[in-house]
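Participant: Please model the entire structure based on the sequences and the hints provided.
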Amino acid sequence: MSKPLFWPGKRYFYAIGNTSAVSLARDVPAEKDLNLLLLGCGDPRNVMFTLLCEPATATRKLDFTCVDFEPAVLARNVLLLSLIMDKKPTEQIFDIFFHLYVDNTALGILVSQCETLVQSSSSLKDWKDSSYGSTLCMSSQHTLTELRGHWEKWAKMHALPEHKLQAVIEKFRAGVAENRARTEGGTSTSARSTGPLMMYGSKPLSECFDNFWKYGTTYSSGPRRSAAIQLNPTFVYTQSGAGCFVHYGTDPVIPFHLAPIFANSSSRLSQAEIMRSVRVQFEQWSGAFQKYHEQSQCFVRFFFADAIFAARAMQLSRVSGIKDTRIPVCQWRTDLITLDREEYQYAPLEFDVVDTSNLDDHLGLMNILVAARPLLKSSGDGVLYLESLLSFSPDGNAPKDLTKRFHADLTVMSVLLCLCPVDYITGYSSRGNVHELASYESSRRATTGLQQYHQTTTWKSVTSIPPSVDPWQFGTFLYDLYHTLFEEEDSQTFWRKNSVNPDPALQQTSLAHYSRESFVLLLKFLRDSFQITKEDWVAVLDRFFSLHTSDTSMKMDTLRFHDLCGLLHYYGVYTMDAYRMGPLPRLGPFKAWPQVPPLVRVFLTVPRDKLTILSGNTPTLEAGMLGPRMCNLFSSIHASYGTLTTVGTPANPKVLFEEDRLGFQGTKPLIVSFAMPAMLLSGFGPGYDSAENISITFHVNSNPANTVAYAQSLGPYLKIHSADLLDKENVVVIPEQPLPGSTSDNHVNPPVCGEIGSQDRVQMHFNEESDLIEQFSAKILVDNGTAKEILQSGVNVIAKQIFFNIVELQLGERTQEIVFPFPISMTNHKLRIARKSLWIEVIIPIRNLSSHQEILDPFPVKVQSLMPWSIHRVNMDCLPVLDLENRNKLGQWLGPHIAGAFSKRELKTKKKKAVDALMFVKDSISSIMMLSAGIQTSACHRVFALRDKVSNNCDTVIFINQLRFDLSCHTVLCDGFVLPLTVERTGKILKDFRKLVPKMQNIGLEAGEISSWKLLLPVLVERCRTWTHLDSCQYKTDGKIPLTTEMEKIPLCACGEGKDVQAMHEVTLWKSLAKYCTRFALSPLFGVSYLEAIGRTDRRCCMCRAKANFTCPKCKQDRYCGQACQKQDWKRHKVVHHDAFEK
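In this text, residue positions in the sequence shown follow my numbering: the first is 1, and each later residue adds one.
Think of the hints as simulated: they come from the structure by calculation, not from any bench. One or more of the hints may lead you astray.
[Stated by the list, open to error] Pairs of lysine-lysine residues, derived as DSSO-like cross-links and limited to a Cα-Cα distance of at most 30 Å, are as follows: (1) Lys88 with Lys156; (2) Lys404 with Lys908; (3) Lys377 with Lys128; (4) Lys400 with Lys904; (5) Lys949 with Lys1075; (6) Lys1114 with Lys995; (7) Lys999 with Lys1071; (8) Lys377 with Lys323; (9) Lys610 with Lys10; (10) Lys323 with Lys534; (11) Lys524 with Lys555; (12) Lys1107 with Lys910; (13) Lys291 with Lys404; (14) Lys61 with Lys10; (15) Lys800 with Lys1049; (16) Lys889 with Lys910; (17) Lys203 with Lys156; (18) Lys128 with Lys88; (19) Lys889 with Lys999; (20) Lys910 with Lys1049; (21) Lys164 with Lys610; (22) Lys910 with Lys988.
[Unchecked claim] Computed Cβ-Cβ distance ranges for the label pairs, DEER-style: (23) Asp877 with Arg608: 56 to 64 Å; (24) Ser379 with Gly987: 41 to 49 Å; (25) Thr533 with Glu841: 18 to 26 Å; (26) Ser320 with Met1047: 34 to 42 Å; (27) Gly741 with Asp771: 29 to 37 Å; (28) Asn888 with Ser491: 53 to 61 Å; (29) Ala56 with Met1047: 37 to 45 Å; (30) Gln936 with Gln1062: 24 to 32 Å; (31) Arg608 with Ser320: 46 to 54 Å; (32) Ser464 with Ser134: 54 to 62 Å; (33) Ser320 with Ala56: 55 to 63 Å; (34) Ser320 with Cys631: 31 to 39 Å.
Here the structure is a predicted model, which means the values were calculated and not measured. Glycine included, every Cβ here is placed at the ideal spot set by N, Cα and C.
Facilitator: This is how it looks when you write it as structure tokens:
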């Protein structure tokens, strides 16, 4: 398994989401039908909110596939959505889904609905024929079976015999008491849902949280609380059994958006007011889902499986058509994923949107991307979302965690995955996280150890065609990555690298994400996606193993060498020479076998009582084989409770497994299985132990954290249990079955043909260390007849950059585009031209993102889809309006929020008055938003002229109608209209325009900034567009966006002029100009916290570096925390600032 097996300890039940809802359609085109995959879906908040955010006139269909490894989560989701479909009272639906305790009315509805669901789900056919099956779909029989089991338990819980019911209730109460003790003193987690209003939400929401866990409901009135006395069965049963496994941070208000109510309130909010807002939102979400269900415009598919296993199963089925995948559903279970054949005749297996929740925290960034990337549509408009909440940063710098989680350079990994974070390339994000940074900094100073920092990244493809790469360099890079991933398995290396601050590193090793299978699956993904030939791939792995053989620094790696080699063979990635030596001798456990395959599967029975030492902890687990001369460890193991029976014949052994459905609460032993090379058990050859002397082991992984915890009780090998290889009662060996089918696409990209010639794939070149990409090269074979003549005539070849990753070659009248897999820099590019051999080669450096070089087009829009690439879409009409009456309060939170868009580097640049095109635009946006909100001014301004400081000319006027909350992205935007001016247009509107001039506020633009605004305006229009472009649209006819960046020319197409501008007709001075205006959405462009520090640095005392409380009144430069430090520094201070004191 790519994720190492962990002992689960206490498995928490995440019944309710721990982040506020987002629209999953915010970064994809507005018109086309969507397939959306939610890996680790949790509750259905994002499904419902996505539907709510669709335009009222939308007709497209949305198809959601919801994957979760906890069937109770999916069963609750189906219960909730079915209640909405059946139009049950919204108040009771809310209570059933969110309250730990419900009243008799809600319980009656819950039980009745569960009985209906049970009656509808006796088979997949029955489910499809039911009133729910057309909208709520099941991906597999095992999913329906698991969900039906929960509905049956919920329906029957309160009908249990009294003593059994009381036992369940008491166990649940004990769990609640434990959770309350753990969060005593309150929590600030809920305040995350207030976004930039976090400073106002922390205390009242902490009180709401405390009351929820105290009473089990969100009601504030005594009578309603008193009536809610029935334990809600949907919180009781999970894979862990019956009891309170609900996560201690669970809070019903977290999924909802609380910024509007806190911003628009002039007084402190009560719990009743907060919950009234929450229930109104829930009613809106429910209404949106009901509407889409009735119009047959949405499908919600449920898939019970581990996220990585589900992704692998869908990829296998997509490529090979296989539905019986033989991939496990999840750890600790024996069910295998078999997709429903009828359902998957039309159910999607590739997606426009893949959302991975915060699985990065639990499964590892690389594991998630390798599994999910192949499921993303290759059309170029697909998007993948990654989130993380946990930080183990040893230097206390969680915002920069993302750049470290790959264990390699982010640029290299982005190119290899053909997927990159959008804000990594553009240098800005339209998602606000200023409040998150402030909260993290506050908690970091107050606490130590594990902390939360919520980071969301949007990943898109720059090109669907991967580059080619030199095998020697590639093999070097891959070995360095392998070394970085696993070097700290050696305790000496670990303590050497983490001697200063070991605690975060120890926590990280106890939650290790990567195994040798992780690395092998990465290799397989890269080989397949890069379409590397067999010869080149052998060269890559030969280089890898030459470095592996010569590297003696990783002692523990030698014990896992055969784990790596066996997995390489199993997945068809590479076969070592030892596996090609012909049939193995039939010795030891193989003596009755007609032929011994390269790999076998070993089953070990572990008595349940041996596992008690693990209770309460979450160590990584491994299996192995041990002899007098041999010790080998295997990390890709599968475990489940039950009994194993040997069937078949000695020559053809097979096993049957009867699972203990009570799992961790059952009585049967644990069966551990793993694949390993057969030659290690054959006893054949020098250095190999005979079968009689080999034992099979199950133990805790010997990382530093586990060694500290278990060495004393389990011994130096951290062995939990072992049995002799030939002990037939406890060890069974059978041939390992090959993979059921290829998961590789056989498609090979043909050469790209153009007006000049045919181009093979772009070549990627590493630096000397093979750890960074230095440059790309692309060669065009000039095979077009006319182009040949032009080239041989001596005409100059010109290379011109037209997009951040596209170069246009010009040969006379002919042009051809070359698409590179990452942004490039034309600085120091080279052209090699062979006029006799008829080829042209472009060699071009990769753009250095850390140097903050200006990007050619910082606001790209795809002409084909008219989709902004770097700024998310919004449905303006469903966004709450910000009340601008209380400007003092606005200054307290909106001012810092807008100011927080700047990085510290940008603030320094601004102070020095240096040139930075993006910073100029951000500064102008900040001014517009501040003036619109009436912050630091006497009134709210609504009309702005973008005026070039150099020429004093203005050709763009902006009207701000309202400020709205962008709920998905925790920020505020201006709902407005843009009036582009030309000399001709100004003449037409001059009379009305003159009346408007006195109302205008000039926004001075720095030299060249107007060009940046003309690049930005089409993005701001497209992100909120509700109208459809005409067939005659200038974007399509001209083939570019914007149409121009020249002064006094219009950058926008005319399709949106005068549309969706009703609000302008309500303002007398605006009305006559409305037909020339286009609606747009303007919001801050935030700095990227994992690339550079954000916001102003706290002023520090120049003596002790504590927070400075005042500035010296004489020099007005040096700052001090108090008079003691000022006095101590007086002598130096007078000398340095002599001029100030002389005055």
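Participant: Tell me, in ascending order, the numbers of any earlier hints that this structure violates.
Facilitator: Numbers 6, 13, 14, 17, 22, 26, 31, 32 and 33, in rising order.
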